[in-house]
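Chains as they are written, first to last, in my numbering: chain A, 1 to 106; chain B, 1 to 153; chain C, 1 to 242.
No lab work stands behind these hints: they were computed from the structure.
Built from N, CA and C at the ideal position, the CB exists for glycine as well.
A few of these clues could be false.
As the list claims (entries may be wrong) - Here are some chain C residues pointing at chain B (derived, C-beta under 10 Å):
#1 173
#2 188
#3 190
Stated by the list, open to error - In silico negatives: residues of chain B with every beta carbon more than 10 Å from chain A:
#4 32
#5 37
#6 42
#7 48
#8 51
#9 60
#10 108
#11 113
#12 133
#13 147
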Amino acid sequence: MARALINLPRTARRGEVIEIRTLIQHVMETGYRPGADGVVVPRDIITRFTCLYNNEEIFAAELAPAIAANPFLSFSTVATESGILAFTWTGDNGFEQTETRSLTVT
Amino acid sequence: MSSPSSLRLSIERRALGAGLLAVALLRPARAERPGLREAVLGFTGGKEPSEGGITLDIPPLVENGNTVPVTIAVESPMTEEDHVRRIALFNERNPQPHVITAQIGPRAGRARLSTRMRLATSQRLVAVAELSDGSYRSASAEVIVTLAACVEG
Amino acid sequence: MRRVLLALLLAGAASAEPRQSGFELMSPGTQAMQRDDSANPGMLWVEEGRALWDSTGCASCHGDVARMRGVAARYPAWDAASGGPTDLAGRIAQCQEARQHRTPFPRESAEALALAAVIGLQSRGMPISPPEDPRLAPALARGEALYRERRGQLDLSCAQCHDANAGRHLAGSPIPEAHPTGYPLYRLEWQGMGSLQRRLRNCMAGVRSEPYAYGAPEYAAIELFLMRRAAGMPLETPAVRP
Chain A
1 MARALINLPR
11 TARRGEVIEI
21 RTLIQHVMET
31 GYRPGADGVV
41 VPRDIITRFT
51 CLYNNEEIFA
61 AELAPAIAAN
71 PFLSFSTVAT
81 ESGILAFTWT
91 GDNGFEQTET
101 RSLTVT
Chain B
1 MSSPSSLRLS
11 IERRALGAGL
21 LAVALLRPAR
31 AERPGLREAV
41 LGFTGGKEPS
51 EGGITLDIPP
61 LVENGNTVPV
71 TIAVESPMTE
81 EDHVRRIALF
91 NERNPQPHVI
101 TAQIGPRAGR
111 ARLSTRMRLA
121 TSQRLVAVAE
131 LSDGSYRSAS
141 AEVIVTLAAC
151 VEG
Chain C
1 MRRVLLALLL
11 AGAASAEPRQ
21 SGFELMSPGT
31 QAMQRDDSAN
41 PGMLWVEEGR
51 ALWDSTGCAS
61 CHGDVARMRG
71 VAARYPAWDA
81 ASGGPTDLAG
91 RIAQCQEARQ
101 HRTPFPRESA
111 EALALAAVIG
121 LQSRGMPISP
131 PEDPRLAPAL
141 ARGEALYRER
151 RGQLDLSCAQ
161 CHDANAGRHL
171 AGSPIPEAHP
181 TGYPLYRLEW
191 QGMGSLQRRL
201 RNCMAGVRSE
211 PYAYGAPEYA
221 AIELFLMRRA
231 AGMPLETPAV
241 RP
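Full structure from sequences and hints, please.
Right under this line is the structure:
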């Protein structure tokens, strides 16, 4: 499993806009780069990222090979209710990883 | 050093190694790559985006094209009636024009997205936002990429 | 062979203030990436190292990794087994081999870098304090000699770039003073984590000289000299560099 770092507050006031930052370990091989043997290394990237807040999608992104290795994404959401945020990265060669974090809204 | 102010060195291209090589090979190899404008109009369905109300924040001079921080922010109240639906970023001279497309909505609270991108070479970038009323806004930026020194040969 | 004329553009005056970390020469964006742990990709390797610390049994003898505080700041250290200096990576490998009776993670493997990164992080902000060990004197002298020795087709010594021309530019890049304050670190050029040895290999290849093999005693000697030269500067692991 790839290492992932997710940064968001543990608690927030209702209605507050919170910032979420994510980093995940991934080579993001572009599919344009020749390897040591001169043969182009096949593409191996994360193609999609989603963030679900209590099962409702609040953010999604389509990623191209132009996204840097170890993709970083920062976005925001309104703290509406306490619950679980689920972060899923999917990509080439069956890559799929989900991480969850809880948020307490006061 | 003999002449510290203007030391010229004749180096085999390979001496600078992977950096230069990578740049050379990332150059649009395919002539059929859609242009920047085509890519933008593909996203907007042919509508001309207006300027203003959106910022594309990226350093004008980049010390390494592998990992360039970029932030797109759109002025919007992000309410049910008036919000940003999608934000996309396109480039002029990578092998493919697309960088990222994000779907957001009123629950984002703020129409703002940050990521890090690759720049094969110095070029222009365009960010486009799709608003809930079906209109589009765009902002562009020029970036100069300098070459890394002393990289793997 | 295709040749290009590379102008070594030595623009601007060499910096007057001695002992400046490579951090100071970076763009604000790259500095921000290093400063903020939620944005620093090196922290991914730190997390990996934290997991390995427990899963590979380091914790069973050493307890919490926080007890490694200060350790990274005083390497390379004397190693009785080899009768010379060993760097932190070498010391970790030794623990795996001698005390755990297992094959150590190879140098520059993701696992080896991860362990060095999590141990290095425990000393972040602490002053580099190389051991005052008279047994290290010959290696220190050798390290300095290697630093001053001209090498490669370009016939340049480390000192010519990093002492005489620090702060000036080589092509687009500012030349740092070569203080090893942040290793292992995330180099944008590598798109990943790497050790000081990897960095030194890049500089050796840059002057078109054949780098020593990973783990060669020359690296420990050069590192010993560089750490002595950087004594007192705060450790930055995991740093970010262009």
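Checklist entry - So which hints don't hold here, by number, going up? => result As far as the earlier hints go, 10, 11 are violated by this structure, in ascending order.
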